[in-house]
Amino acid sequence: MGHIEATLSTDDLLRSLGLEDDTDGKTYQIFRDFEQTVKETFNPSEIGGVISAMHIMAQAHIGQRRKDGSLYIFHPVEVARDVIALCAYPDKGAVIAALFHDVVEDQSEAYVRLTGRQLDQQRPTQAQALEAIGDDFGDDVAQLVTALTNPNFGQILASEGIDKDHPEFSRRMKELYAQHVASIIEDPRVCIIKFADFSRNCCAFPKLKNSEMKREIGAKYRPVVDIFRARINDKSKPLNTCQQSDMLLELGEIAELIDKYFANLE
1 MGHIEATLST DDLLRSLGLE DDTDGKTYQI FRDFEQTVKE TFNPSEIGGV
51 ISAMHIMAQA HIGQRRKDGS LYIFHPVEVA RDVIALCAYP DKGAVIAALF
101 HDVVEDQSEA YVRLTGRQLD QQRPTQAQAL EAIGDDFGDD VAQLVTALTN
151 PNFGQILASE GIDKDHPEFS RRMKELYAQH VASIIEDPRV CIIKFADFSR
201 NCCAFPKLKN SEMKREIGAK YRPVVDIFRA RINDKSKPLN TCQQSDMLLE
251 LGEIAELIDK YFANLE
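The numbering of the sequence shown is our numbering, which starts it at 1 and goes up by one.
Heads up, a few of these hints could be off.
Here are the simulated SDA-like cross-link-like pairs (lysine to any residue), alpha carbons at most 25 Å apart as the crow flies [unchecked claim]:
| hint | residue 1 | residue 2 |
| --- | --- | --- |
| 1 | K39 | I162 |
| 2 | K235 | H180 |
| 3 | K174 | D139 |
| 4 | K220 | H166 |
| 5 | K235 | A219 |
| 6 | K207 | T115 |
| 7 | K220 | D187 |
| 8 | K174 | P90 |
| 9 | K67 | K39 |
| 10 | K26 | A85 |
| 11 | K209 | E78 |
| 12 | K237 | R222 |
| 13 | K235 | I217 |
| 14 | K207 | K39 |
| 15 | K26 | Y89 |
| 16 | K174 | A147 |
| 17 | K207 | L248 |
| 18 | K214 | F74 |
| 19 | K209 | I62 |
| 20 | K214 | D163 |
| 21 | K237 | E266 |
| 22 | K174 | E266 |
| 23 | K67 | A178 |
| 24 | K214 | H180 |
| 25 | K214 | R65 |
| 26 | K209 | K39 |
| 27 | K207 | R66 |
| 28 | K214 | D187 |
| 29 | K235 | R189 |
| 30 | K214 | Y28 |
| 31 | K207 | A147 |
| 32 | K220 | A255 |
Listed next, with one range per pair, are the computed distances between beta-carbon atoms [claimed, not checked]:
| hint | residue 1 | residue 2 | range |
| --- | --- | --- | --- |
| 33 | K207 | L248 | 20 to 30 Å |
| 34 | R32 | S170 | 38 to 48 Å |
| 35 | L248 | S170 | 20 to 30 Å |
| 36 | S16 | L265 | 42 to 52 Å |
| 37 | L248 | P90 | 17 to 27 Å |
| 38 | D187 | I47 | 18 to 28 Å |
Simulated from the structure, these hints should not be mistaken for laboratory data.
Owing to the predicted nature of the structure, the values given are computational and were not obtained by experimental measurement.
Glycine included, each C-beta is placed from N, C-alpha and C at the ideal position.
Could you put together the complete structure from these sequences and hints?
What follows is the structure, given as structure tokens:
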């Protein structure tokens with residue numbers, strides 16, 4: 001496993017990316033708070049790896065925005081912070097994987113280049129990014145990120161003869177997503193990370209302005225609530241958390257939010 005060190009302070013890194021701290025300090029504070037939590041949670045020998053992962057993530061995703069228009073780079077930090085809070089025992093690999101949970105899917109080329117590697121045009125970029133993550137942060141992290149990376153659902157449907165104009169396209173896309181989530185969260189560590197990601201994504205649901213997008217996302221997320229409920233209640237595969245009750249309560253609130261939204265459309 002390689003070793004990547006952060007060469008700048010987090011504030012200096014954000015400044016170098018063109019991010020100015022806003023008047024009430026919230027922009028930088030999200031990163032400062034996370035960094036402080038990392039220092040309070042992990043051994044000194046582990047802290048550098050998590051901070052380095054956060055820096056690479058910020059550089060890779062800096063040009064990206066979420067569906068509600070907000071900067072994307074805050075999302076992985078929030079997910080990683082939630083993973084720390086959920087875990088009964090510190091899990092550095094899970095926290096780094098949370099920071100990288102969308103890097104391979106959305107910014108695989110950026111990861112390869114940011115870590116000083118030459119991109120091989122003859123090989124799939126995602127495979128190169130996953131190999132690089134394994135070299136830099138360990139196979140353990142690479143395996144978690146692999147599970148968290150969505151397959152190309154459109155490509156899967158194309159192989160079934162279903163394109164975007166097909167009447168079954170939307171339904172099958174949601175079905176494939178739900179099946180994927182159900183499969184990957186069998187792994188207890190992936191379950192914690194995916195729950196944190198799902199929860200944060202659902203927090204953004206009320207802010208969505210596009211009504212068609214909101215309907216699609218609501219219909220996509222609602223079945224996944226029940227998938228998470230069943231997994232959390234499965235005592236045969238315990239999770240590294242003491243917060244199952246809180247997780248189930250949050251899922252109930254998400255279900256109520258989405259159900260109420262669809263009821264108001266009728």
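Status of the hints after comparison with the structure:
{"no.": "1", "hint": "K39 with I162", "in the structure": "violated, 49 Å"}
{"no.": "2", "hint": "K235 with H180", "in the structure": "holds, 21 Å"}
{"no.": "3", "hint": "K174 with D139", "in the structure": "violated, 30 Å"}
{"no.": "4", "hint": "K220 with H166", "in the structure": "holds, 18 Å"}
{"no.": "5", "hint": "K235 with A219", "in the structure": "violated, 28 Å"}
{"no.": "6", "hint": "K207 with T115", "in the structure": "violated, 35 Å"}
{"no.": "7", "hint": "K220 with D187", "in the structure": "holds, 22 Å"}
{"no.": "8", "hint": "K174 with P90", "in the structure": "violated, 33 Å"}
{"no.": "9", "hint": "K67 with K39", "in the structure": "violated, 31 Å"}
{"no.": "10", "hint": "K26 with A85", "in the structure": "holds, 20 Å"}
{"no.": "11", "hint": "K209 with E78", "in the structure": "holds, 22 Å"}
{"no.": "12", "hint": "K237 with R222", "in the structure": "holds, 23 Å"}
{"no.": "13", "hint": "K235 with I217", "in the structure": "violated, 30 Å"}
{"no.": "14", "hint": "K207 with K39", "in the structure": "violated, 32 Å"}
{"no.": "15", "hint": "K26 with Y89", "in the structure": "violated, 29 Å"}
{"no.": "16", "hint": "K174 with A147", "in the structure": "holds, 18 Å"}
{"no.": "17", "hint": "K207 with L248", "in the structure": "holds, 23 Å"}
{"no.": "18", "hint": "K214 with F74", "in the structure": "holds, 21 Å"}
{"no.": "19", "hint": "K209 with I62", "in the structure": "holds, 23 Å"}
{"no.": "20", "hint": "K214 with D163", "in the structure": "holds, 22 Å"}
{"no.": "21", "hint": "K237 with E266", "in the structure": "violated, 39 Å"}
{"no.": "22", "hint": "K174 with E266", "in the structure": "holds, 21 Å"}
{"no.": "23", "hint": "K67 with A178", "in the structure": "holds, 20 Å"}
{"no.": "24", "hint": "K214 with H180", "in the structure": "holds, 21 Å"}
{"no.": "25", "hint": "K214 with R65", "in the structure": "holds, 17 Å"}
{"no.": "26", "hint": "K209 with K39", "in the structure": "violated, 38 Å"}
{"no.": "27", "hint": "K207 with R66", "in the structure": "holds, 11 Å"}
{"no.": "28", "hint": "K214 with D187", "in the structure": "violated, 29 Å"}
{"no.": "29", "hint": "K235 with R189", "in the structure": "holds, 15 Å"}
{"no.": "30", "hint": "K214 with Y28", "in the structure": "violated, 29 Å"}
{"no.": "31", "hint": "K207 with A147", "in the structure": "violated, 28 Å"}
{"no.": "32", "hint": "K220 with A255", "in the structure": "holds, 12 Å"}
{"no.": "33", "hint": "K207 with L248: 20 to 30 Å", "in the structure": "holds, 24 Å"}
{"no.": "34", "hint": "R32 with S170: 38 to 48 Å", "in the structure": "holds, 41 Å"}
{"no.": "35", "hint": "L248 with S170: 20 to 30 Å", "in the structure": "holds, 29 Å"}
{"no.": "36", "hint": "S16 with L265: 42 to 52 Å", "in the structure": "holds, 45 Å"}
{"no.": "37", "hint": "L248 with P90: 17 to 27 Å", "in the structure": "holds, 23 Å"}
{"no.": "38", "hint": "D187 with I47: 18 to 28 Å", "in the structure": "holds, 25 Å"}
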